[in-house]
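2 protein chains.
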Amino acid sequence: MLDIIRPTLLLSQSICKDNIRKMVRKAERHGLQLIPHFKTHQSARVGDWFKEAGVTAVTVTSVKMAEYFAEHGWNDITIAFPFNILEIDGLNTLASRVNLRIFVNSIETTVILKQKLKTPVRFYIEIDVGDGRSGVEATNFGQIKRILESVGNNPHLNFDGFYSHPGHTYNAKSPGEVEEISEKVVEKLRILKQHFKEEFSDLKIGMGDTPSCSLSENFDGVDNIHPGNFVFYDLVQHSLGANRLEEIAICLAVPIVAVHPERSEAIIHSGWVHQGKDSLRDSEGNIHYGFVVQLNQNGWSEPIPGAKVIKLSQEHGVLSLPGEVIQSIKVGDILGIMPVHACATAVMMGEIWTLEGERLEMMPG
Amino acid sequence: MLDIIRPTLLLSQSICKDNIRKMVRKAERHGLQLIPHFKTHQSARVGDWFKEAGVTAVTVTSVKMAEYFAEHGWNDITIAFPFNILEIDGLNTLASRVNLRIFVNSIETTVILKQKLKTPVRFYIEIDVGDGRSGVEATNFGQIKRILESVGNNPHLNFDGFYSHPGHTYNAKSPGEVEEISEKVVEKLRILKQHFKEEFSDLKIGMGDTPSCSLSENFDGVDNIHPGNFVFYDLVQHSLGANRLEEIAICLAVPIVAVHPERSEAIIHSGWVHQGKDSLRDSEGNIHYGFVVQLNQNGWSEPIPGAKVIKLSQEHGVLSLPGEVIQSIKVGDILGIMPVHACATAVMMGEIWTLEGERLEMMPG
Numbered sequence: 001m002l003d004i005i006r007p008t009l010l011l012s013q014s015i016c017k018d019n020i021r022k023m024v025r026k027a028e029r030h031g032l033q034l035i036p037h038f039k040t041h042q043s044a045r046v047g048d049w050f051k052e053a054g055v056t057a058v059t060v061t062s063v064k065m066a067e068y069f070a071e072h073g074w075n076d077i078t079i080a081f082p083f084n085i086l087e088i089d090g091l092n093t094l095a096s097r098v099n100l101r102i103f104v105n106s107i108e109t110t111v112i113l114k115q116k117l118k119t120p121v122r123f124y125i126e127i128d129v130g131d132g133r134s135g136v137e138a139t140n141f142g143q144i145k146r147i148l149e150s151v152g153n154n155p156h157l158n159f160d161g162f163y164s165h166p167g168h169t170y171n172a173k174s175p176g177e178v179e180e181i182s183e184k185v186v187e188k189l190r191i192l193k194q195h196f197k198e199e200f201s202d203l204k205i206g207m208g209d210t211p212s213c214s215l216s217e218n219f220d221g222v223d224n225i226h227p228g229n230f231v232f233y234d235l236v237q238h239s240l241g242a243n244r245l246e247e248i249a250i251c252l253a254v255p256i257v258a259v260h261p262e263r264s265e266a267i268i269h270s271g272w273v274h275q276g277k278d279s280l281r282d283s284e285g286n287i288h289y290g291f292v293v294q295l296n297q298n299g300w301s302e303p304i305p306g307a308k309v310i311k312l313s314q315e316h317g318v319l320s321l322p323g324e325v326i327q328s329i330k331v332g333d334i335l336g337i338m339p340v341h342a343c344a345t346a347v348m349m350g351e352i353w354t355l356e357g358e359r360l361e362m363m364p365g
Numbered sequence: 001m002l003d004i005i006r007p008t009l010l011l012s013q014s015i016c017k018d019n020i021r022k023m024v025r026k027a028e029r030h031g032l033q034l035i036p037h038f039k040t041h042q043s044a045r046v047g048d049w050f051k052e053a054g055v056t057a058v059t060v061t062s063v064k065m066a067e068y069f070a071e072h073g074w075n076d077i078t079i080a081f082p083f084n085i086l087e088i089d090g091l092n093t094l095a096s097r098v099n100l101r102i103f104v105n106s107i108e109t110t111v112i113l114k115q116k117l118k119t120p121v122r123f124y125i126e127i128d129v130g131d132g133r134s135g136v137e138a139t140n141f142g143q144i145k146r147i148l149e150s151v152g153n154n155p156h157l158n159f160d161g162f163y164s165h166p167g168h169t170y171n172a173k174s175p176g177e178v179e180e181i182s183e184k185v186v187e188k189l190r191i192l193k194q195h196f197k198e199e200f201s202d203l204k205i206g207m208g209d210t211p212s213c214s215l216s217e218n219f220d221g222v223d224n225i226h227p228g229n230f231v232f233y234d235l236v237q238h239s240l241g242a243n244r245l246e247e248i249a250i251c252l253a254v255p256i257v258a259v260h261p262e263r264s265e266a267i268i269h270s271g272w273v274h275q276g277k278d279s280l281r282d283s284e285g286n287i288h289y290g291f292v293v294q295l296n297q298n299g300w301s302e303p304i305p306g307a308k309v310i311k312l313s314q315e316h317g318v319l320s321l322p323g324e325v326i327q328s329i330k331v332g333d334i335l336g337i338m339p340v341h342a343c344a345t346a347v348m349m350g351e352i353w354t355l356e357g358e359r360l361e362m363m364p365g
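Those protein sequence lines, which keep their order, are chains A and B.
Residue numbers for the first sequence follow UniProt numbering, so the first one is 1 and each next one is one higher.
Residue numbers for the second sequence follow UniProt numbering, so the first one is 1 and each next one is one higher.
Hints were generated in silico from the structure; no laboratory data involved.
There may be inaccurate statements among the hints.
To be verified - Here are the simulated lysine to any residue pairs, SDA-like style, with alpha carbons at most 25 Å apart: (1) K173/B to K184/A; (2) K311/A to G54/B; (3) K311/A to D282/B; (4) K311/B to D282/A; (5) K311/B to G130/A; (6) K184/B to E262/A; (7) K26/B to L2/B; (8) K26/B to E137/B; (9) K311/A to D89/B; (10) K330/B to G90/A; (11) K116/A to D333/B.
What the hints assert, rightly or not - If you want the footprint, here are the derived chain A segments under chain B, 3+ residues with CB under 8 Å: (12) 76–88; (13) 179–186; (14) 230–243; (15) 281–291; (16) 305–315.
Since the structure is predicted, the reported quantities are computational estimates derived from the model, not experimental observations.
Think of the CB as a built atom: it goes at the ideal place given N, C-alpha and C, for glycine as much as any other residue.
All chains should be built: construct the whole structure from the sequences, respecting the hints.
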């Protein structure tokens with residue numbers, strides 16, 4: 001084990017690589033291209049594990065993240081964000097080196113891209129399949145047609161198809177509901193594909209949030225999936241039924257700095273600057289910021305029943321612990337926190353350590 | 001103005017320096033030493049402005065932050081966190097270079113410090129004045145006495161007094177309630193001082209959260225105050241009555257990447273990786289993640305009435321905007337977000353730009 005003296009984000013390579021392999025196999029089984037979203041891990045080294053599993057294309061959220069993964073050998077990158085036309089110079093530079101896909105969601109964006117693009121890129125139109133965040137509504141064929149017409153035959157903008165992120169699966173109350181939402185999304189996308197297929201015979205349909213990609217078995221008409229979180233999984237995904245607890249690949253190791261037996265609490269060095277601020281409600285409706293585990297030679301234990309992070313400030317965390325645990329711990333011990341939201345914990349920590357002691361670099365903040 | 005193409009944290013030097021000067025003057029008026037908490041800005045350059053205003057001692061949350069400010073010329077540093085004994089090596093190194101104050105909140109911590117400290121440090125006992133987070137309860141004279149006895153006459157551990165963070169002022173529903181809580185805290189600390197003054201005639205009493213330090217005029221018996229957030233202020237502080245909107249010194253400039261007139265919304269490149277995830281409720285009880293302002297030659301405008309950040313994901317933000325604003329903005333425009341929680345926004349962004357175009361370095365992540 002590592003010599004841990006301050007909050008340290010641990011990763012089980014075996015769990016992580018299993019998560020990658022399982023999603024690769026699922027994509028293969030359904031004839032889908034897996035274009036994983038790398039916003040969760042933001043690590044070139046974790047990216048290498050995807051390469052080893054046969055993945056050749058990735059999804060990112062920003063030009064900056066595209067630059068990072070381009071530097072680390074990725075040549076097929078989708079920037080899954082309504083393109084920020086102010087970053088046109090960065091896009092031109094990067095597009096001259098690697099194959100980029102961007103989102104063109106409006107005529108205004110098309111007009112500026114046609115003026116300023118110097119290198120060909122491929123583009124998706126992002127489709128709002130019910131999440132209500134960004135993209136054109138799935139049934140708004142007229143608007144999609146107008147965007148495509150605004151592009152015309154511009155040699156720098158090549159239409160690739162439709163991309164969708166069904167983020168509303170995160171509001172589901174059960175795994176069954178995730179699947180129901182996912183079914184509806186697939187149906188919307190199938191109709192959309194049908195409509196535009198005649199004119200664009202090669203168009204691709206991309207979808208995929210981690211809950212759908214983990215739980216659904218219906219990808220009828222879908223060509224690409226781009227889940228991200230599954231690489232680590234977390235308690236939010238677990239609450240949706242997307243993963244088992246033993247599939248969570250990261251754990252935040254934290255020092256105990258005070259024990260308060262009189263209130264069955266301990267103070268840890270781990271605040272929102274380490275974990276992120278995401279919370280969940282337990283079965284009694286109380287908010288918590290993570291389950292507590294024991295670290296061991298093989299990584300970490302199952303969650304200690306009844307043990308939770310109940311308060312978070314900038315650098316302090318407060319654990320509620322059962323009496324027998326309170327009696328057995330002392331200042332200077334290390335416990336583990338199973339994260340509520342892996343993307344947030346990874347971003348906040350900015351570096352990850354494997355159980356074997358390898359430091360996994362992440363994209364600089 | 002700067003050439004802004006992606007989320008950029010702007011700082012008004014004049015507002016920030018005014019905030020510093022006002023708190024310095026308030027401390028002087030009450031005969032207090034201001035030992036500001038630097039966890040909000042984490043910037044050596046902003047630290048310099050405190051030096052220019054006459055401040056000579058600072059408060060931080062971690063050994064790492066102490067190291068950063070020691071490197072930038074600070075020689076009197078309080079690490080305001082239950083001391084993490086696993087970081088004893090870092091403490092020994094740093095204590096050989098600068099004057100450190102640490103927290104000793106338990107006998108377990110004393111025992112280990114007595115074994116392992118190689119250089120003298122001063123220490124506070126942290127007092128829980130009602131926040132229920134860390135420290136010894138203010139009325140638990142017995143426990144305080146036992147900790148002091150466990151230290152004994154150890155030449156490496158010199159008792160300096162009591163430190164308290166009345167974080168429960170953040171639960172107040174009005175400025176009056178902040179003052180009431182603060183009054184009670186001051187009274188508790190006065191009794192504590194009275195009790196231990198005989199044995200320790202030089203003991204100091206430290207308190208201070210930004211709401212109390214901004215609103216209260218009663219610091220009877222207090223020696224030091226250590227607020228942090230006031231350097232920037234934010235919407236949380238404003239909701240407590242601690243500052244006026246025009247005293248907020250930072251603003252997150254964000255590009256518009258999509259406009260959705262049909263739902264009076266726009267999408268910005270600004271998610272929780274930029275702003276942090278803190279929210280407030282507006283007068284109708286709806287959650288929001290910041291007010292929206294126009295940028296101008298002098299910085300930024302008052303909040304646009306009715307304009308708010310209503311959703312946040314990792315890199316996307318969704319603005320709700322009044323019809324006339326929706327009509328006047330377009331993709332590629334820049335708007336400003338007045339932050340809910342300045343500490344979070346500063347930490348997430350990791351760098352700050354003055355309106356004059358100076359980049360203010362922050363502690364590396």
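To see whether the hints hold, each was checked on the structure:
1. K173/B to K184/A: The given pair, whose Cα atoms are some 44 Å apart, is violated under the 25 Å limit.
2. K311/A to G54/B: Distance ~36 Å between K311/A and G54/B Cα, so the pair is violated.
3. K311/A to D282/B: At roughly 24 Å apart (the allowed maximum being 25 Å), D282/B and K311/A satisfy the hint.
4. K311/B to D282/A: Answer holds: K311/B to D282/A is near 24 Å, not above 25 Å.
5. K311/B to G130/A: Answer holds: K311/B to G130/A is near 15 Å, not above 25 Å.
6. K184/B to E262/A: 23 Å, holds
7. K26/B to L2/B: 34 Å, violated
8. K26/B to E137/B: 28 Å, violated
9. K311/A to D89/B: 29 Å, violated
10. K330/B to G90/A: 21 Å, holds
11. K116/A to D333/B: 17 Å, holds
12. 76–88: Satisfied; 7 residues make the cut.
13. 179–186: Coverage by chain B is violated here, the residue count being 0 at a Cβ distance below 8 Å.
14. 230–243: Three-residue rule not met by the region 230–243 of chain A, so violated; n is 0.
15. 281–291: violated (count 0)
16. 305–315: holds (count 4)
In the structure shown, a violation is registered for the earlier hints numbered 1, 2, 7, 8, 9, 13, 14 and 15, in ascending order.
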